[in-house]
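Q: If you're matching them up, the sequences are chains F and C in order.
1 is the number of the first residue of the first sequence in this note's numbering; add one for each residue after it.
210 is the number of the first residue of the second sequence in this note's numbering; add one for each residue after it.
Derived from the structure by calculation, the hints contain no laboratory data.
Fair warning: this is a prediction, and the values are worked out from it, not measured in the lab.
Think of the CB as a built atom: it goes at the ideal place given N, C-alpha and C, for glycine as much as any other residue.
Hints may contain errors.
As the list claims (entries may be wrong) - No farther apart than 30 Å at their CA atoms in a straight line, the calculated lysine-lysine pairs in the DSBU-like style are these:
1. C:K452 x C:K255
2. C:K242 x C:K452
3. C:K242 x C:K255
4. F:K28 x C:K345
5. F:K165 x C:K452
6. F:K165 x F:K132
7. C:K255 x C:K345
8. F:K165 x C:K345
9. F:K165 x C:K255
10. C:K215 x F:K132
Said to hold, decoys possible - One-sided and incomplete, this derived list gives chain C residues near chain F with beta-carbon spacing under 7 Å:
11. S225
12. A307
13. V339
14. Q342
15. T420
16. T456
17. S458
18. F467
19. I468
20. Y475
Each chain, letter by letter, is given below.
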Amino acid sequence: MRKEGPMILTVISSLVVVFSTYFFLGQKWNLMEPLNNWFQISYAIALALGFVNLSVIHVKYIQRKREGWFYSIILLLCMYAYLVLGMIETQNGLHFDWIYVNMMSPLSATMFSLVAFFITSAAYRAFRIRTKEATILLVCALFVMLGRAPIGDAIWGSWSAFVSKWVMGTMNVAGMRGINLGIAVGGFATALRIMLGLERAHIGGSGTQ
Amino acid sequence: MERLMKIDRRLLYLVSVALVAVTIFMPLGLPVKVSPLAVQTYDAIKNLPDDSVVLIAPMYDPGASGELNPMLRAILYQCMERNYKIILGNTNWTLGVAIAHDMITPIAAEFNYVYGTDYIEFGSKPGGAVWMQSAKTDLAGAAIVDYNNDPIGQFPLIQAVPTLTQEYIAAVLVLDCGTPGALEWLQIITQGTSIKLIVGEIQMSVPDSMTYVQSGQYNGMIAGSRGGAEYEQLVGRPGAALKSQDTMSVIALMVALFIVLGNIGYVTRKR
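From just these sequences and the hints, can you work out the full model?
A: Pasting the structure below:
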């Protein structure tokens, strides 16, 4: 029953979703509502489970003095201190909110800002005209990059905007639509396999049958 | 010549910082032409019926604020100038609502908007796409409390908008930088309805989103920092995006130049 139980649940849940999405009666009865509530509850439980799991892993790191174990102490201290503060002050507590906004915001912005430097360096090192395809890619990239900034207009006039727009709106869209359609069909096929019990990786099975 | 292939990355970083600093203090003042896409987006919001209710979802975090904050500011000004009622909030992007709260508060005061009647902030709710499905059929039930932790059902604006359906809202404006984002709003809330979906995208997401603009599923898109600058001009409120265009220009030129130099080194080495 360890494998059959989750599979039965998966099939029932997916049938409810299909019925409530594609059939008038399903929409009328609003069958998705309880399923959505269960999802939110499961989400919260999964979060708690992740919390426990993270604690166990990092306590082990500290016990075994693995490389970087000091960072595990910082992680656990921050995690539990913030949890306790959140439980005392609740979601919109003054200090709870202040710490999140004033620490997470600059840290997150800093991380993203660093990407600009890496992209500059990566573009310089990676864009080489090794093959014909790489040359086409390089030329397109230069036109789009300069065409998306006012300097492109200053150098080439309206021709820059035209080329940039054509690359983005014609070449790019054609490629992206192909990729998106492929993803959609692949997703549908995978969903069908899960519903039919052929795909079992999510319940700890060997993956496919 | 081979040396051109091996320019120290620290030099690249240094030149980048220097160029950013120089253009901040000595702007070039390059003109920014407004694109047809920006005009289409502007018109899509401008042509909503009077007294429309719009939902603005800041689905981003501080990492994307450089590109998306100016768009949010311009959109807020445009909506308030048109007297639209605003419901502000998102799902799963907790810092996005904090950024938006700091932005909407002074603008709302400027236009004498009354909280709860003319605009409301429901904060950030966990659940992503699943939360959107719940909000579609019962907004107050899904949101429960507002940004300030007060019961949201008591506010007139929420009482007037019981569900996120075309009977009650005219447009969803999404500032988007990942998942969940504009695509989830499209799939769950706007697809197959008369609700307009307008997105503001970071430059990185523009290629993917362009397909939805062309298919008409997105009724407009503000594309990256350049799009933000164009939009600020259309709204008549020049701001950070317009100021940043000189920096964008010199950095793009610098990267292009280094790429060309690297390739000159590569070609001459082969010979």
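Q: Evaluate each hint against the coordinates.
A: Verification of the supplied hints:
no.: 1; hint: C:K452 x C:K255; verdict: 25 Å, holds
no.: 2; hint: C:K242 x C:K452; verdict: 14 Å, holds
no.: 3; hint: C:K242 x C:K255; verdict: 20 Å, holds
no.: 4; hint: F:K28 x C:K345; verdict: 14 Å, holds
no.: 5; hint: F:K165 x C:K452; verdict: 23 Å, holds
no.: 6; hint: F:K165 x F:K132; verdict: 23 Å, holds
no.: 7; hint: C:K255 x C:K345; verdict: 25 Å, holds
no.: 8; hint: F:K165 x C:K345; verdict: 36 Å, violated
no.: 9; hint: F:K165 x C:K255; verdict: 24 Å, holds
no.: 10; hint: C:K215 x F:K132; verdict: 23 Å, holds
no.: 11; hint: S225; verdict: 6 Å, holds
no.: 12; hint: A307; verdict: 5 Å, holds
no.: 13; hint: V339; verdict: 5 Å, holds
no.: 14; hint: Q342; verdict: 5 Å, holds
no.: 15; hint: T420; verdict: 5 Å, holds
no.: 16; hint: T456; verdict: 9 Å, violated
no.: 17; hint: S458; verdict: 4 Å, holds
no.: 18; hint: F467; verdict: 4 Å, holds
no.: 19; hint: I468; verdict: 5 Å, holds
no.: 20; hint: Y475; verdict: 5 Å, holds
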